[in-house]
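Peer 1: What follows is each chain in one-letter form.
Protein chains: 2
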Amino acid sequence: MQVLKDRIVQEGRNLGKGILKVDSFINHQVDPGLMDACGAAFAREFSTCGASRILTAEISGIAPAIMAGKHMSLPVVYARKTKPITMPDQVYFTVAPSHTKGNMVELIVSPDFLPRGEKILIIDDFLASGSTILGLVRIIQAAGAELVGIGALIEKSFEGGRKLLEALGIPVISLVCISSMDDGKIEFSN
Amino acid sequence: MQVLKDRIVQEGRNLGKGILKVDSFINHQVDPGLMDACGAAFAREFSTCGASRILTAEISGIAPAIMAGKHMSLPVVYARKTKPITMPDQVYFTVAPSHTKGNMVELIVSPDFLPRGEKILIIDDFLASGSTILGLVRIIQAAGAELVGIGALIEKSFEGGRKLLEALGIPVISLVCISSMDDGKIEFSN
Numbered sequence: 001m002q003v004l005k006d007r008i009v010q011e012g013r014n015l016g017k018g019i020l021k022v023d024s025f026i027n028h029q030v031d032p033g034l035m036d037a038c039g040a041a042f043a044r045e046f047s048t049c050g051a052s053r054i055l056t057a058e059i060s061g062i063a064p065a066i067m068a069g070k071h072m073s074l075p076v077v078y079a080r081k082t083k084p085i086t087m088p089d090q091v092y093f094t095v096a097p098s099h100t101k102g103n104m105v106e107l108i109v110s111p112d113f114l115p116r117g118e119k120i121l122i123i124d125d126f127l128a129s130g131s132t133i134l135g136l137v138r139i140i141q142a143a144g145a146e147l148v149g150i151g152a153l154i155e156k157s158f159e160g161g162r163k164l165l166e167a168l169g170i171p172v173i174s175l176v177c178i179s180s181m182d183d184g185k186i187e188f189s190n
Numbered sequence: 001m002q003v004l005k006d007r008i009v010q011e012g013r014n015l016g017k018g019i020l021k022v023d024s025f026i027n028h029q030v031d032p033g034l035m036d037a038c039g040a041a042f043a044r045e046f047s048t049c050g051a052s053r054i055l056t057a058e059i060s061g062i063a064p065a066i067m068a069g070k071h072m073s074l075p076v077v078y079a080r081k082t083k084p085i086t087m088p089d090q091v092y093f094t095v096a097p098s099h100t101k102g103n104m105v106e107l108i109v110s111p112d113f114l115p116r117g118e119k120i121l122i123i124d125d126f127l128a129s130g131s132t133i134l135g136l137v138r139i140i141q142a143a144g145a146e147l148v149g150i151g152a153l154i155e156k157s158f159e160g161g162r163k164l165l166e167a168l169g170i171p172v173i174s175l176v177c178i179s180s181m182d183d184g185k186i187e188f189s190n
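Protein sequences appear in the order of chains C and G. At position 24 of the first sequence (counting the first as 1) the number is 24 in our numbering, and the numbers step up by one without a gap. At position 181 of the second sequence (counting the first as 1) the number is 181 in our numbering, and the numbers step up by one without a gap.
It should be emphasised that the hints constitute simulated quantities derived from the structure, not laboratory data. The structure presented is a predicted model; accordingly, all values stated were derived computationally and were not measured. Ideal Cβ positions, reconstructed from N, Cα and C, are used throughout, including at glycine. Certain hints may be false.
Cut-off 25 angstroms, straight-line C-alpha distance, at most; resulting in silico cross-link-like pairs (PhoX-like, lysine-lysine) [stated by the list, open to error]: (1) LYS83(C) - LYS81(G); (2) LYS163(G) - LYS17(G); (3) LYS21(G) - LYS83(C); (4) LYS21(C) - LYS83(G); (5) LYS17(G) - LYS81(C); (6) LYS81(C) - LYS83(G); (7) LYS185(C) - LYS163(C); (8) LYS83(G) - LYS21(G); (9) LYS17(G) - LYS185(G); (10) LYS83(C) - LYS17(G); (11) LYS81(G) - LYS21(C); (12) LYS81(G) - LYS17(C); (13) LYS163(G) - LYS81(C); (14) LYS83(C) - LYS83(G).
Simulated DEER-style distance windows between Cβ atoms [claimed, not checked]: (15) ASP112(G) - GLU187(C): 21 to 29 angstroms; (16) THR86(C) - MET104(G): 18 to 26 angstroms; (17) MET104(G) - GLY160(C): 22 to 30 angstroms; (18) PRO115(C) - GLY160(G): 52 to 60 angstroms; (19) GLY184(C) - GLU187(G): 54 to 62 angstroms; (20) GLU187(C) - SER73(G): 29 to 37 angstroms; (21) ASP112(G) - PHE188(C): 33 to 41 angstroms; (22) ASN190(C) - SER73(G): 47 to 55 angstroms.
Over 12 angstroms on every C-beta distance to chain C, these chain G residues come out as not near it, computed from the model [unchecked claim]: (23) VAL9; (24) LEU74; (25) THR82; (26) THR94; (27) ALA142; (28) VAL172; (29) LYS185; (30) GLU187; (31) PHE188.
Kindly produce the complete structure, drawing on both the sequences and the hints.
Peer 2: This is the structure:
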């Protein structure tokens with residue numbers, strides 16, 4: 001997706017160790033118009049997937065997932081990292097290692113919003129090692145729901161997550177794919 | 001705003017102690033179409049406020065703020081509750097008591113996205129005691145930026161936050177106002 005790639009070229013910063021700083025338009029400051037365009041792109045890519053609900057993880061997955069949900073007229077559920085007092089005691093719960101934080105992140109979803117048999121599309125900001133997305137996949141499986149697709153704004157293909165996700169046999173779409181961040185550069189493969 | 005009030009009547013639950021459960025359409029599952037309509041309502045209410053940026057707090061302020069930003073063509077900054085590794089060492093920082101969690105919440109904003117002199121519109125999901133929004137106000141003041149308005153999806157007027165915010169001399173708009181949650185009921189004043 002050219003407009004997203006252009007923005008990464010203009011404003012993204014390679015902080016080393018595979019960490020891409022995009023906090024001027026995705027994950028601290030957000031450009032709503034750009035996210036709207038990304039949501040429209042996801043809606044085109046997944047127009048035939050039959051999803052009845054979108055699942056993402058707080059925090060930075062929320063903006064692209066909500067814009068995709070708007071274009072697809074689907075509700076969006078975001079996995080919580082802490083259990084709010086308004087959530088029932090019985091929840092779907094898993095932990096996933098966080099690449100950028102170096103710790104384990106909890107992912108919590110209320111069974112109310114993940115009914116058995118539901119067709120779920122996962123949307124997130126990054127596809128890197130795949131660990132957060134695989135955490136969401138485990139929750140979908142625990143709920144007896146059906147995963148129908150995975151979409152990410154930015155893939156870092158050198159971290160290998162795609163191989164793990166493609167084994168699930170569903171479409172995995174990234175709007176922009178970064179193939180290398182060696183030597184302070186940012187190289188794209190699509 | 002009738003469509004939001006109708007949704008609270010249909011799906012909101014009064015959990016007691018002033019806690020309103022709206023996790024089927026605002027803060028765990030999100031209805032993107034409803035949030036889009038709320039964003040359009042904020043854009044109408046604040047059409048002459050001159051804002052150049054929107055500030056909100058993660059997590060549940062993100063959806064309404066992004067939709068308002070889309071309709072107003074403004075960037076949205078969300079205060080982080082933990083400092084990510086991509087954020088500079090020097091930040092704006094404050095703490096605010098969390099009514100629903102019973103602890104203190106940290107609010108952290110990078111100076112990169114809150115320049116001196118900038119005109120800031122605050123958008124959040126709830127206006128209750130006002131403590132989170134007042135935390136955002138302190139950050140705006142610390143940055144030397146100018147607060148031009150405050151918008152919330154749902155006000156709980158019986159918690160008194162409006163009085164504290166109106167002292168700031170700027171418009172305070174809630175799309176729906178709940179005047180009482182006594183005796184398990186939800187009573188509206190607009």
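Peer 1: Please go over all the hints and tell whether each is borne out by the structure.
Peer 2: Do the hints match the structure? See the list:
For the hint pairing LYS83(C) with LYS81(G), the CA-to-CA distance comes to about 15 angstroms; that is within 25 angstroms, so the pair holds. With a C-alpha separation of about 20 angstroms, the suggested pair LYS163(G) and LYS17(G) falls inside the 25 angstroms cut-off, and the hint holds. A distance of roughly 13 angstroms separates the Cα atoms of LYS21(G) and LYS83(C); the hinted pair therefore holds under the 25 angstroms criterion. For the hint linking LYS21(C) to LYS83(G), the alpha-carbon distance of about 13 angstroms falls within 25 angstroms, and the restraint holds.
At roughly 24 angstroms between alpha-carbon atoms, LYS17(G) and LYS81(C) fall within 25 angstroms of each other, so this suggested pair holds. Of the supplied pair hints, the one linking LYS81(C) and LYS83(G) holds, its CA atoms being roughly 15 angstroms apart against a limit of 25 angstroms. Restraint check for LYS185(C) and LYS163(C): the C-alpha separation of about 24 angstroms stays at or below 25 angstroms, so the hint holds. Taking the CA atoms of LYS83(G) and LYS21(G), the gap is about 28 angstroms. The hint is violated against a cut of 25 angstroms.
Annotation: proposed proximity of LYS17(G) to LYS185(G) holds, straight-line Cα distance about 12 angstroms (limit 25 angstroms). Between LYS83(C) and LYS17(G), the direct Cα distance comes to roughly 18 angstroms. Compliance with the 25 angstroms bound is thereby established for this hinted pair. With a C-alpha separation of about 18 angstroms, the suggested pairing of LYS81(G) with LYS21(C) holds against the 25 angstroms cut-off. This hinted pair checks out: LYS81(G) and LYS17(C) have alpha carbons roughly 24 angstroms apart, not beyond 25 angstroms.
For a cut-off of 25 angstroms, the pair hint linking LYS163(G) to LYS81(C) is broken: about 33 angstroms separates their Cα positions. Distance restraint check for LYS83(C) and LYS83(G): the Cα-Cα separation of roughly 20 angstroms lies within the 25 angstroms cut-off, and the hinted pair is therefore satisfied. Roughly 25 angstroms separates the CB atoms of ASP112(G) and GLU187(C), a value that falls within the hinted 21 to 29 angstroms. Range check, THR86(C) to MET104(G): about 20 angstroms between beta-carbon atoms, so the 18 to 26 angstroms window is met.
Separated by about 39 angstroms at the C-beta atoms, MET104(G) and GLY160(C) break the suggested range of 22 to 30 angstroms. For the hinted restraint 52 to 60 angstroms between PRO115(C) and GLY160(G), the CB-CB distance of approximately 39 angstroms leaves it violated. Separated by about 59 angstroms at the C-beta atoms, GLY184(C) and GLU187(G) satisfy the suggested range of 54 to 62 angstroms. In this structure the hint that GLU187(C) and SER73(G) lie 29 to 37 angstroms apart at CB holds, the actual value being about 32 angstroms.
In this structure the hint that ASP112(G) and PHE188(C) lie 33 to 41 angstroms apart at CB is violated, the actual value being about 24 angstroms. Checked against the given bound of 47 to 55 angstroms, the beta carbons of ASN190(C) and SER73(G), roughly 28 angstroms apart, lie outside it. The Cβ of VAL9(G) sits about 17 angstroms from the closest Cβ of chain C, beyond the 12 angstroms cut-off, so the non-interface label holds. With a minimum CB-CB distance of about 8 angstroms to chain C, LEU74(G) fails to clear the 12 angstroms threshold, and the non-interface call is violated.
The non-interface label for THR82(G) is inconsistent with chain C: the shortest C-beta to C-beta separation is roughly 8 angstroms, within 12 angstroms. Against chain C, the non-interface label of THR94(G) holds: every CB pair exceeds 12 angstroms, the least being about 16 angstroms. With a cut of 12 angstroms on Cβ distances, ALA142(G) stays outside the contact zone with chain C, its closest approach being about 17 angstroms. Every Cβ of chain C is farther than 12 angstroms from the Cβ of VAL172(G); the closest lies at roughly 23 angstroms, confirming the non-interface assignment.
For LYS185(G), the non-interface assignment is confirmed: its Cβ lies about 18 angstroms from the closest Cβ of chain C, beyond the 12 angstroms cut-off. At roughly 20 angstroms from the closest C-beta of chain C, the C-beta of GLU187(G) stays outside 12 angstroms, upholding its exclusion from the interface. Taking the minimum C-beta to C-beta distance to chain C, about 20 angstroms, the non-interface status of PHE188(G) holds against the 12 angstroms cut.
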